[in-house]
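The listed protein sequences derive, respectively, from chains V and Y. Take 0 as the starting number for the first sequence in numbering that gives the first Met the number 0 and just add one per residue. Take 0 as the starting number for the second sequence in numbering that gives the first Met the number 0 and just add one per residue.
Any given hint could turn out to be false.
Quick list of in silico lysine to aspartate or glutamate cross-link-like pairs, DMTMM-like style, CA-CA up to 20 Å [what the hints assert, rightly or not]: (1) Y:Lys-183 to V:Asp-1; (2) Y:Lys-184 to Y:Asp-63; (3) Y:Lys-183 to V:Asp-97; (4) V:Lys-69 to Y:Glu-100; (5) Y:Lys-41 to V:Glu-72; (6) V:Lys-124 to Y:Asp-9; (7) Y:Lys-210 to Y:Glu-65; (8) V:Lys-161 to Y:Glu-65; (9) V:Lys-136 to V:Glu-41; (10) Y:Lys-184 to Y:Asp-9; (11) V:Lys-190 to V:Asp-97; (12) Y:Lys-184 to V:Glu-41; (13) V:Lys-69 to Y:Asp-9; (14) V:Lys-69 to Y:Asp-199; (15) V:Lys-158 to Y:Asp-63; (16) V:Lys-69 to V:Glu-125.
Reference listing, derived: stretches of chain Y covered by chain V, where coverage requires no fewer than 3 residues with Cβ under 8 Å from a Cβ of chain V [stated by the list, open to error]: (17) 105 to 115; (18) 152 to 164.
Keep in mind the hints are simulated off the structure, nothing from the lab. Each residue gets a CB set at the ideal place from its N, CA and C atoms; glycine is no exception.
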Amino acid sequence: MDPNIQLMIYVIPLVIGFLMILPLGRSLFAPLSEYMPSLGNERGRVFSGLLLTCVAGMAVSFQTLWISSKISEGGNFCASNSILSCDDVIGNVEYNADPIFGIPWGGIGAATFCILLYFVYSSSKEPNADWVSSYLKMGTYLTFAGFFVIALLVFYEFKMEKICQYCTTAHFANIAAFIGFLRLMRMNQSKEWNTI
Amino acid sequence: MKYTYDDEADIRTTALIRVMALFFVGIMIIAATTSPIATGTKEGERAPALEGKFYNGSGWSDFDLESYWDPTWEAGDISGQWVVIEFMDTDCPYCVESAEEMGANAYNFGGGSDSQWDGAIVNFIASVTELDISGHDSSRAEMIAFRDKSANSGEECAGSECGSRPGIAHNFPYIDDLDQDNMKKWNIGGTPSYYLIQPDGIIAWSSAEHKGEKLLDAIVTLVPRESA
Numbered sequence: 000m001d002p003n004i005q006l007m008i009y010v011i012p013l014v015i016g017f018l019m020i021l022p023l024g025r026s027l028f029a030p031l032s033e034y035m036p037s038l039g040n041e042r043g044r045v046f047s048g049l050l051l052t053c054v055a056g057m058a059v060s061f062q063t064l065w066i067s068s069k070i071s072e073g074g075n076f077c078a079s080n081s082i083l084s085c086d087d088v089i090g091n092v093e094y095n096a097d098p099i100f101g102i103p104w105g106g107i108g109a110a111t112f113c114i115l116l117y118f119v120y121s122s123s124k125e126p127n128a129d130w131v132s133s134y135l136k137m138g139t140y141l142t143f144a145g146f147f148v149i150a151l152l153v154f155y156e157f158k159m160e161k162i163c164q165y166c167t168t169a170h171f172a173n174i175a176a177f178i179g180f181l182r183l184m185r186m187n188q189s190k191e192w193n194t195i
Numbered sequence: 000m001k002y003t004y005d006d007e008a009d010i011r012t013t014a015l016i017r018v019m020a021l022f023f024v025g026i027m028i029i030a031a032t033t034s035p036i037a038t039g040t041k042e043g044e045r046a047p048a049l050e051g052k053f054y055n056g057s058g059w060s061d062f063d064l065e066s067y068w069d070p071t072w073e074a075g076d077i078s079g080q081w082v083v084i085e086f087m088d089t090d091c092p093y094c095v096e097s098a099e100e101m102g103a104n105a106y107n108f109g110g111g112s113d114s115q116w117d118g119a120i121v122n123f124i125a126s127v128t129e130l131d132i133s134g135h136d137s138s139r140a141e142m143i144a145f146r147d148k149s150a151n152s153g154e155e156c157a158g159s160e161c162g163s164r165p166g167i168a169h170n171f172p173y174i175d176d177l178d179q180d181n182m183k184k185w186n187i188g189g190t191p192s193y194y195l196i197q198p199d200g201i202i203a204w205s206s207a208e209h210k211g212e213k214l215l216d217a218i219v220t221l222v223p224r225e226s227a
């Protein structure tokens with residue numbers, strides 16, 4: 000399968016999740032509340048969108064980790080002469096792992112999205128538990144910290160003059176997750192947490 | 000009273016187990032479908048990039064080590080071409096001394112016209128640096144004089160005229176690493192250092208891991224040949 004078509008497996012749920020997170024998700028997904036009651040209120044919709052975003056982010060991060068392992072074997076996955084060439088970015092041994100521990104960026108992304116998924120999944124199951132506000136705060140801070148990593152990785156891509164479309168999808172998932180956690184954190188701080 | 004479920008159970012435990020299960024499934028899929036090879040300079044690792052301009056006897060052009068690799072090569076295949084990389088300094092007395100042996104090896108294993116070698120072709124490459132030692136003052140002109148054994152070049156290699164070094168003129172590429180970029184990337188502790196690399200880019204032998212062993216013996220032992 001063409002790697003760009005395969006990427007759609009991650010992009011489609013990510014875009015749906017992102018739309019659920021945004022305020023405009025109300026008009027888009029409210030009609031589905033008859034079948035999925037959680038989509039009938041703002042909190043449930045953002046939780047659902049965030050769950051979808053974190054799962055898609057985790058999956059695409061695992062895929063980039065898989066690509067980097069495949070490239071190290073001597074194979075290729077999405078090499079291209081165009082600017083979109085994830086093999087050139089993920090296969091670059093100078094930039095494809097964090098500079099301190101040498102862990103591949105895909106592995107860091109997968110672990111991070113797992114933590115975010117844990118925060119959002121457990122919070123969605125018990126939204127009135129006393130630990131939920133701290134989980135939402137930690138999710139917001141963690142995704143905000145991700146912006147610095149994204150800036151570094153975009154800088155690497157700029158230096159290489161190549162773009163890794165799989166990495167960019169994971170970056171987008173982090174931005175969408177930040178918006179989701181931020182919205183939930185604000186909702187949680189308001190008195191309308193159980194009414195919206 | 001017997002409970003059918005635990006009223007006191009915390010959802011966090013269930014969530015943690017489920018998310019961790021997902022994570023480990025992802026890791027297991029990667030472990031089952033790939034065999035990653037680390038990039039490094041130890042035996043069994045994938046050789047890192049070697050960059051810079053190289054001199055091939057007529058001029059300087061961009062060097063690309065990747066172009067030597069054949070990812071489809073399999074152990075024992077005699078058609079694959081092996082690579083020997085020597086990290087050297089034209090002002091290092093041991094490098095000057097070993098130039099004769101390098102020239103002979105490059106001729107014998109690299110397809111010299113009356114060579115007796117019936118094994119896979121071995122390509123030789125020299126990455127020339129300038130060590131931070133007093134009296135080591137190299138230049139591209141010195142590299143050319145050393146490689147080509149140019150007579151009366153006016154260049155001095157380890158205290159003698161470069162053209163008077165032992166052995167034949169070398170016909171393999173000399174990469175300009177005077178800024179030590181490649182040397183640092185390959186963690187070279189001293190010169191000369193040698194690496195014998197398989198056609199798929201995996202390091203088969205390194206002089207740093209076999210002190211006292213000669214490159215010639217490594218080639219004869221590791222590179223496949225018809226008569227073996």
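*Can you give the numbers of the hints that this structure goes against, from lowest to highest?*
1, 4, 7, 10, 11, 12, 13, 16, 17, 18
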